[in-house]
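Quick note, this note's numbering runs 57 ahead of the 1-based positions in the sequence shown.
Hint data in this document are derived by calculation from the structure and do not stem from the laboratory. Hints are not guaranteed to be accurate.
[To be verified] Here are the computed lysine-lysine pairs in the DSS-like style, where the Cα-Cα straight-line distance is at most 30 Å:
#1 K450 / K529
#2 K529 / K507
#3 K148 / K469
[What the hints assert, rightly or not] Okay, the calculated beta carbon distance ranges per label pair:
#4 F299 / Q349: 19 to 25 Å
#5 L79 / D330: 35 to 41 Å
#6 K498 / S93: 46 to 52 Å
#7 D75 / T473: 25 to 31 Å
#8 L298 / L397: 24 to 30 Å
#9 M413 / D522: 49 to 55 Å
These numbers were taken from a predicted model, which means no experiment stands behind them. The C-beta atom is built at its ideal place from N, Cα and C for all residues, glycine as well.
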Amino acid sequence: MFIYSLKNNFMKKIRKADTLWLMIGTSAVILFVCSSLRHLLFQSTALDLGMFDQGVYLISQGKTPISSFTNYHILGDHAAWIWYSLALLYKIYPSVYWLFAVQAIALALGALPTYHLARQAKLNESQGLTIAAVYLLYPLVFNVNLFDFHPEVIAVPALLWAVLAMRNQQLGWFCFSILLVLGCKAILSLTVVGLGIWLLLFETRLYGAIAIISGVAWYAIANKIIIPLIGGDAASIDRYLFRYQYLGNSFTELINNLFFQPGLVLPKLLSWDNLAYLILLFIPIVWGICWQGIAPLIAALPCVMLNLLADYQPQKDLIHQYSVPALPFLILSVIASLSLGKGLFQNKRAIILWSMVAFLSLVKFTYFGGKYLQSLDTWQATKEAIVQIQPDKSVLTTDEIAPHLTHRQLIKLIATPAAQINLNIFDYVLLNLRHPGLSSKPEFNQDLFKLLQSRQDFQLQYQRDDVLLFHKSNL
Numbered sequence: 058m059f060i061y062s063l064k065n066n067f068m069k070k071i072r073k074a075d076t077l078w079l080m081i082g083t084s085a086v087i088l089f090v091c092s093s094l095r096h097l098l099f100q101s102t103a104l105d106l107g108m109f110d111q112g113v114y115l116i117s118q119g120k121t122p123i124s125s126f127t128n129y130h131i132l133g134d135h136a137a138w139i140w141y142s143l144a145l146l147y148k149i150y151p152s153v154y155w156l157f158a159v160q161a162i163a164l165a166l167g168a169l170p171t172y173h174l175a176r177q178a179k180l181n182e183s184q185g186l187t188i189a190a191v192y193l194l195y196p197l198v199f200n201v202n203l204f205d206f207h208p209e210v211i212a213v214p215a216l217l218w219a220v221l222a223m224r225n226q227q228l229g230w231f232c233f234s235i236l237l238v239l240g241c242k243a244i245l246s247l248t249v250v251g252l253g254i255w256l257l258l259f260e261t262r263l264y265g266a267i268a269i270i271s272g273v274a275w276y277a278i279a280n281k282i283i284i285p286l287i288g289g290d291a292a293s294i295d296r297y298l299f300r301y302q303y304l305g306n307s308f309t310e311l312i313n314n315l316f317f318q319p320g321l322v323l324p325k326l327l328s329w330d331n332l333a334y335l336i337l338l339f340i341p342i343v344w345g346i347c348w349q350g351i352a353p354l355i356a357a358l359p360c361v362m363l364n365l366l367a368d369y370q371p372q373k374d375l376i377h378q379y380s381v382p383a384l385p386f387l388i389l390s391v392i393a394s395l396s397l398g399k400g401l402f403q404n405k406r407a408i409i410l411w412s413m414v415a416f417l418s419l420v421k422f423t424y425f426g427g428k429y430l431q432s433l434d435t436w437q438a439t440k441e442a443i444v445q446i447q448p449d450k451s452v453l454t455t456d457e458i459a460p461h462l463t464h465r466q467l468i469k470l471i472a473t474p475a476a477q478i479n480l481n482i483f484d485y486v487l488l489n490l491r492h493p494g495l496s497s498k499p500e501f502n503q504d505l506f507k508l509l510q511s512r513q514d515f516q517l518q519y520q521r522d523d524v525l526l527f528h529k530s531n532l
């Protein structure tokens with residue numbers, strides 16, 4: 058009887074584990090398929106996917122990863138050394154779909170430490186699976202996966218693993234997780250500092266001190282040494298000051314006004330846009346937030362405050378990547394509340410129902426039935442034009458076509474009037490007159506078309522459905 062009981066309990070645990078991995082695997086596949094489909098429909102953009110894909114490709118080829126879109130080294134963009142690790146995948150086979158796969162797997166894998174953190178907090182197995190589902194159904198997970206590729210998605214499971222390692226007293230794994238987070242983006246050092254403050258005040262002081270010191274150190278190294286030295290002025294932190302221009306025109310002025318000019322800060326913080334943003338951020342998990350469990354939200358404050366202070370709408374939604382660093386701590390707050398028996402819901406069916414409603418209300422799956430089909434009328438022509446472009450030759454094209462041609466050293470966007478473009482440096486010019494692209498205007502493409510027709514050094518190679526491919530006569 059005792060042996061039968063042990064066997065029965067063991068089989069139950071196996072089934073629970075199978076359920077968790079099934080959830081993770083299914084989510085990863087769905088996320089990968091959706092981001093890949095968006096790319097195939099020519100909805101990806103040069104900034105950011107094209108820039109990152111080009112940089113990783115150049116690293117894998119042993120070339121200097123200077124993006125021709127930005128004209129600075131990829132390491133100068135947020136000091137993200139993770140690109141060098143991702144380039145190992147491109148050495149196997151150079152394809153942008155590696156980035157989509159990494160993003161999908163990273164986001165889905167966040168459910169694994171989420172489950173273990175829930176179990177560690179004395180929630181039962183069923184509750185642990187429910188919290189894992191809540192994480193996977195949080196709208197930002199699906200939406201950010203659609204928006205090109207951003208390395209901070211790798212930081213989501215890494216931050217959760219860091220907390221799990223801290224609670225298991227695994228110092229080595231904690232340090233590794235923090236190192237991985239910092240390697241994804243320099244600005245994440247502020248989140249690591251926030252994590253450290255939370256741990257210092259409410260968890261383990263040693264781990265908190267390590268997080269604070271490493272976060273502060275990396276922020277200084279990245280912004281004072283790596284980015285200025287490798288990226289130059291074009292890549293400096295000052296390029297983001299326009300988002301906080303109401304606070305001043307320099308970083309020093311911004312900091313001074315932030316702390317000593319409440320008349321400038323408070324009206325921005327207390328705006329309707331910020332209220333709407335906070336509602337979006339918390340509504341999917343509001344059922345599981347209580348005062349006794351909000352301590353983990355301290356770690357989310359740097360990310361959320363940057364978004365609240367910004368005069369830049371993409372930082373106030375659940376579509377772009379700017380709220381990604383806050384996600385792990387929203388989930389941790391829910392776990393803390395449930396472990397105390399608090400929150401509006403304890404019933405797993407009510408929790409899943411709420412999460413499903415929030416998911417269906419806020420995710421952008423409807424884009425596949427409308428927005429992402431806008432250029433379908435030129436899809437076949439664009440595909441046919443792309444295959445005629447020789448590898449490694451320089452290209453001038455539109456924002457949405459560019460990510461399909463970034464495995465070369467020189468590719469630029471049609472983003473200025475034709476008279477300002479130096480056509481001598483390009484071997485190919487690919488136009489889409491019906492859909493001029495995110496960075497362009499219809500008149501830019503029309504004028505460029507006329508200019509190319511008048512030049513002897515360019516010839517029309519392909520034309521269909523207002524998609525036109527010109528090539529240098531000497532090719």
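For this session: Starting from the hint list further up, note which numbers the structure goes against and sort them upward.
Result: Hint check: 4, 6, 7, 8, 9 fail, others pass.
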